Each structure stands twice: as structure tokens, then as C-alpha cells.
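J.: Residue-level listing of the chains:
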Amino acid sequence: MAADDRSTVIDADLEQIRSLASFVRDRAIAAGLSDEALADLELAVVEAANNIVLHGYAGDRGSIRATAGLTENEFMVELSDDAIALPDPVFGDDPLPALTAESGRGLAIIAACVDRVAYRREGGRNYLTLFKAR
Amino acid sequence: MTSIEGDGELAVVRIGADRLDAAVTPAFKSALDEQLPAETRQVILDASGVGFVDSTGLGAIVGLMKRLPEGGTLVVASAQQPLRRLLQVTGLDGLFQQFDNVEEARAALGR
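Quick mapping for you: the protein sequence lines, in order, are chains F and G.
1220 is the number that the numbering used here gives to position 111 of the first sequence; each next residue is one higher, with no gaps.
119 is the number that the numbering used here gives to position 106 of the second sequence; each next residue is one higher, with no gaps.
Hints may be right or wrong, so weigh each one.
[Claimed, not checked] According to the in silico footprint, chain F covers these stretches of chain G (three or more CB under 8 Å from chain F):
(1) 22-35
(2) 68-78
(3) 91-103
Hints in this document: simulated from the structure, not taken from any laboratory.
Computed from a predicted structure; not experimentally measured.
Glycine residues also receive a C-beta, built at the ideal position from the N, C-alpha and C atoms.
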């Protein structure tokens, strides 16, 4: 899969999520997202990418492709990977854990920071799309 | 690199990374393990250099608070907007008192 100016591909490695975030940030800035929307979107994308690396691939080798761009009045980021399928539905109730919990906040953060999420599994590949209004 | 200045029961922990994310957090936690004085009861977390924190980094901050003895306090100084937003989204803005800078935090803690 070749990357183009709307897409980037990283290894499923926590060290590379920074570059994925940078790619999304650059695209979002070019699309005119507000500073607040930009910050929320970056956080949601990083949390989703963390989940793919830590829980999807769970130590196996793999890659994550990010495609980002403006669709009508929404900015979308699609993360796709070959890891195991996400649970269905991706978001259940997902309340935040106890305040003193040291983990388990990722999905709740994603839900709070974007306007909607779409998920599909196709051809053994996950496609998670995050939408954020400008 | 994270720096920790201990002054008896007060420690100022300056996060040394511009992004406290899943890749960086293990080193942050190691620095705490190695450098946080055992007698620490109050922590001022200096977040002035941190432009991004994810839930992994936040978990480490919560973990730091939990290692303090009963009655201990962790406050956050100089949080940039992304960290403020993360604390708000997760409800932890009510758990961690925030100050504009380390000096104000020291004054509030009586140090």
C-alpha cells in the first residue's frame, strides 16, 4: 500500500504514533480546524492508534494506515489495520473508570473528543473512521 | 529528561518530554521510581514543557498521586491547553488542583 498526500502508513509501533499524529495535525490545520477541534482530534487519533498497537496487534508486527481529509463540513480520519477485529459495537456504554484508575480511559476519551465514529471490517482489515466538525 | 527536585517532603517533578504518550511514559515512570525521594508527601507536577498527554501519560500521573502517603497531595503547574482539556474530559480536573506556575503552587502548598 503506497501512501499518498492524503495517507500515511506507520509500523504498529508506539514510537511511530507521533508521526501519525503529526500527519493528521498537518492535514487538519490545512483544512481549517479550530485549535480546540484540532487538539481533540489529535488526542482521539492517538488513543485509537494506541489501541491498535497495544490491543489489536498486541506485540505482533503490523502497520497502520491513516487517511485524513475534509468531507463536506467534517474532517475525517480513517485508521486501517490488519489486526484482530474490534469488538462489536466498538463503543458500548464505556463509562470512564474510577478516577484513581491508571488505565482504561481510551475509548471514553475517543467518544468525548470526536463527533462520531464509524467502524467496518472488510477483507480481514479494520477500518475505524473518526469524524470531527471544524 | 524528567527532573525531580526534592526538598524534604515536597518534590517538583518537571516532565522532560514534549509529549507524554505511550512511547515516553515508561521512561517517565522509571525516572519517578529512581529519583522520587521516599519521604515525598507533596508533588508539584511541572507540565510547562508538555504539549501533549495521552491516557497512558495521564495514568502515570494518577499513579504518581497514588504512591504518595495518605494525606499527600499532587498538584499540576503550568499545564498547557491539551493537558487541561484531557483533565477536563476525564473528570480529573476535579482531582488535581491546577496552578499557572510552580511558584503559585509552592505558595498554595505553603512552601
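J.: All hints, please: hold or fail.
T.: These are the hints, each one checked on the structure:
Three residues within the 8 Å Cβ limit are the bar, and the region 22-35 of chain G against chain F gives 3, so the coverage statement holds. Chain F is given as covering the region 68-78 of chain G, and this holds because 8 residues of the stretch bring a CB closer than 8 Å to a CB of that chain, at least three being needed. Check result for the region 91-103 of chain G against chain F: holds, 6 residues qualifying (beta carbon to beta carbon below 8 Å, three or more required).
In this structure, none of the earlier numbered hints is contradicted; all agree with it.
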